[in-house]
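There are 2 protein chains.
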Amino acid sequence: MSDAKTYLDPAIAARLKRTSDGLVAAIVQEHGTGDVLMLAWMDEEALHRTLTTGRATYWSRSRGEYWVKGATSGHHQHVRKVALDCDGDALLLTVDQTGAACHTGTHTCFTDELPVEAS
Amino acid sequence: MSDAKTYLDPAIAARLKRTSDGLVAAIVQEHGTGDVLMLAWMDEEALHRTLTTGRATYWSRSRGEYWVKGATSGHHQHVRKVALDCDGDALLLTVDQTGAACHTGTHTCFTDELPVEAS
Chain G
1 MSDAKTYLDP
11 AIAARLKRTS
21 DGLVAAIVQE
31 HGTGDVLMLA
41 WMDEEALHRT
51 LTTGRATYWS
61 RSRGEYWVKG
71 ATSGHHQHVR
81 KVALDCDGDA
91 LLLTVDQTGA
101 ACHTGTHTCF
111 TDELPVEAS
Chain B
1 MSDAKTYLDP
11 AIAARLKRTS
21 DGLVAAIVQE
31 HGTGDVLMLA
41 WMDEEALHRT
51 LTTGRATYWS
61 RSRGEYWVKG
71 ATSGHHQHVR
81 KVALDCDGDA
91 LLLTVDQTGA
101 ACHTGTHTCF
111 TDELPVEAS
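One line per chain: the protein sequences are G and B, in this order.
Here the UniProt record's numbering is used: the first residue of the first sequence is 1, the next is one more, and so on.
Here the UniProt record's numbering is used: the first residue of the second sequence is 1, the next is one more, and so on.
Here chain G stands alone, though its shape is the one from the complex (with noise of 0.2 angstroms):
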């Protein structure tokens, strides 16, 4: 998380319950094929831009910073809605996604299937 001064709504910060390291997980979904994208995960901040921009924008726990979906690669999402759940550590978004949603150039990030045994 940063370090960042945050000017998310304070009513909406009091509702999210955070990670230890201070983050709520987003679910990206796609709007019109109902796919499931991606999962990225946000602080305050990167909830607020969010919020106030509509384009998804996200913390990246692996280089520290915050990371505009598509800034690099084009591959933007519009965001839709923004939902939270009941207990306040998950958020819904429901987004167009322009282009590949993956960093690996797929369209989703969960393309790796583990087996099932039972069914």
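Don't take each hint at face value.
Within a straight-line C-alpha distance of at most 30 angstroms, the following computed DSS-like cross-link-like pairs (lysine-lysine) qualify [to be verified]:
1) Lys-17(G) with Lys-17(B)
2) Lys-17(B) with Lys-5(G)
3) Lys-81(B) with Lys-81(G)
4) Lys-17(B) with Lys-5(B)
5) Lys-81(B) with Lys-17(G)
6) Lys-17(B) with Lys-81(B)
7) Lys-17(B) with Lys-81(G)
8) Lys-17(G) with Lys-5(B)
9) Lys-81(B) with Lys-5(B)
These aren't lab readings, by the way, just hints derived from the structure by calculation.
Got chain G; can you put chain B on it based on the hints?
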């Protein structure tokens, strides 16, 4: 994270990138509707139990114990598919959901919509 020994396939365990509290995020999507129902957390043993029983099993961060979804409520999740994402820190479960997914009684946990100012 529990200190319990896990029997998760080491080849799968090696692909997981856990948060600082030893967990991976598990997104739960309903088969058929495509609705994102909830987000829960798994350690290696929870994933092992899910893959080998076909019943969604999580690690409860608040209670510090394993949790078979529906064991108390009857609202089971029959797991059809499990996919790992490209960087190993999130799972996507495709499930058949019995009853309400959310402990509050609603179909999904994502009922608290936040205002997106620019769209």
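Here is what the structure says about each hint:
This hinted pair checks out: Lys-17(G) and Lys-17(B) have alpha carbons roughly 21 angstroms apart, not beyond 30 angstroms. Restraint check: the Cα-Cα separation between Lys-17(B) and Lys-5(G) comes to about 29 angstroms, which is no more than 30 angstroms; the hinted pair holds. Taking the CA atoms of Lys-81(B) and Lys-81(G), the gap is about 26 angstroms. The hint holds against a cut of 30 angstroms. A hinted pair counts as satisfied when its Cα atoms are at most 30 angstroms apart, and Lys-17(B) with Lys-5(B) qualifies at roughly 18 angstroms.
Restraint check: the Cα-Cα separation between Lys-81(B) and Lys-17(G) comes to about 28 angstroms, which is no more than 30 angstroms; the hinted pair holds. About 20 angstroms separates the Cα atoms of Lys-17(B) and Lys-81(B), which keeps this hinted pair within 30 angstroms; it holds. Pair hint Lys-17(B) plus Lys-81(G) holds up; C-alpha atoms about 28 angstroms apart against a cutoff of 30 angstroms. With a C-alpha separation of about 29 angstroms, the suggested pairing of Lys-17(G) with Lys-5(B) holds against the 30 angstroms cut-off.
Straight-line distance between C-alpha atoms of Lys-81(B) and Lys-5(B) comes to about 24 angstroms, which keeps the hinted pair within the 30 angstroms bound.
Checked against the numbered hints above, the structure violates none of them.
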